[in-house]
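Given these sequences and hints, build the entire structure.
Using the numbering used here, the first residue of the sequence shown is number 562, and each one after it goes up by one.
Everything labelled a hint here was simulated from the structure, so no lab data went into it.
The C-beta atom is built at its ideal place from N, Cα and C for all residues, glycine as well.
Be a bit skeptical, because a hint or two may be false.
[What the hints assert, rightly or not] Across the chosen pairs, the derived CB separations fall in these ranges: (1) K593 x A573: 13 to 23 Å; (2) I626 x L655: 16 to 26 Å; (3) E644 x T564: 12 to 22 Å; (4) N604 x S574: 19 to 29 Å; (5) D658 x R576: 17 to 27 Å; (6) S591 x I626: 12 to 22 Å; (7) T643 x D589: 29 to 39 Å; (8) T575 x L598: 15 to 25 Å; (9) L655 x L598: 22 to 32 Å.
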Amino acid sequence: MKTVIIIPARYASTRYPGKPLVELALPDGSRKSLIELSWMAANRVQGVDAVYVATDDDRIRDAAIGFGAQVIMTSSECRNGTERCAEAVKNAGLDADLIVNLQ
Numbered sequence: 562m563k564t565v566i567i568i569p570a571r572y573a574s575t576r577y578p579g580k581p582l583v584e585l586a587l588p589d590g591s592r593k594s595l596i597e598l599s600w601m602a603a604n605r606v607q608g609v610d611a612v613y614v615a616t617d618d619d620r621i622r623d624a625a626i627g628f629g630a631q632v633i634m635t636s637s638e639c640r641n642g643t644e645r646c647a648e649a650v651k652n653a654g655l656d657a658d659l660i661v662n663l664q
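Written as C-alpha cells, this is what we have:
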C-alpha cells in the first residue's frame, strides 16, 4: 500500500499571515519553522512513502526546498487545506492508496 502525507501551507492567512514560516526556539537552542517541524514529524511516521508540502507561495516553497521537502505548487484559489491537498494530488498526478492531509 502506497501512503503519502501532504502538508498544506498557506502564507496569506487572514488570522496569522506567514504562520508556516514562523520560527520556534527548540530546547537545544536551534530554531525551526512550523512548516519544517511539521515536515520532520511527518517523516518520522513509519510506513509512509513520501511527504509533500503543498503551497501557493514562493516563500514557503523556497523554505521547504531549503530543508529538503518535496513541494507541489497549487493555486491561490484553494479555500482550505483539504482543497489544497486535493489540488496537489491532481497537479502532481499522485498515485497513492492512502493520502493523509496533515494540518
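Hints, verified against the model:
1. K593 x A573: 13 to 23 Å: holds (22 Å)
2. I626 x L655: 16 to 26 Å: holds (18 Å)
3. E644 x T564: 12 to 22 Å: For T564 against E644, whose Cβ atoms are near 21 Å apart, the range 12 to 22 Å holds.
4. N604 x S574: 19 to 29 Å: Given about 24 Å between the Cβ atoms, the range holds.
5. D658 x R576: 17 to 27 Å: violated (34 Å)
6. S591 x I626: 12 to 22 Å: holds (19 Å)
7. T643 x D589: 29 to 39 Å: holds (34 Å)
8. T575 x L598: 15 to 25 Å: holds (23 Å)
9. L655 x L598: 22 to 32 Å: Taking Cβ atoms as reference, L655 and L598 lie about 23 Å apart, which means the hint holds.
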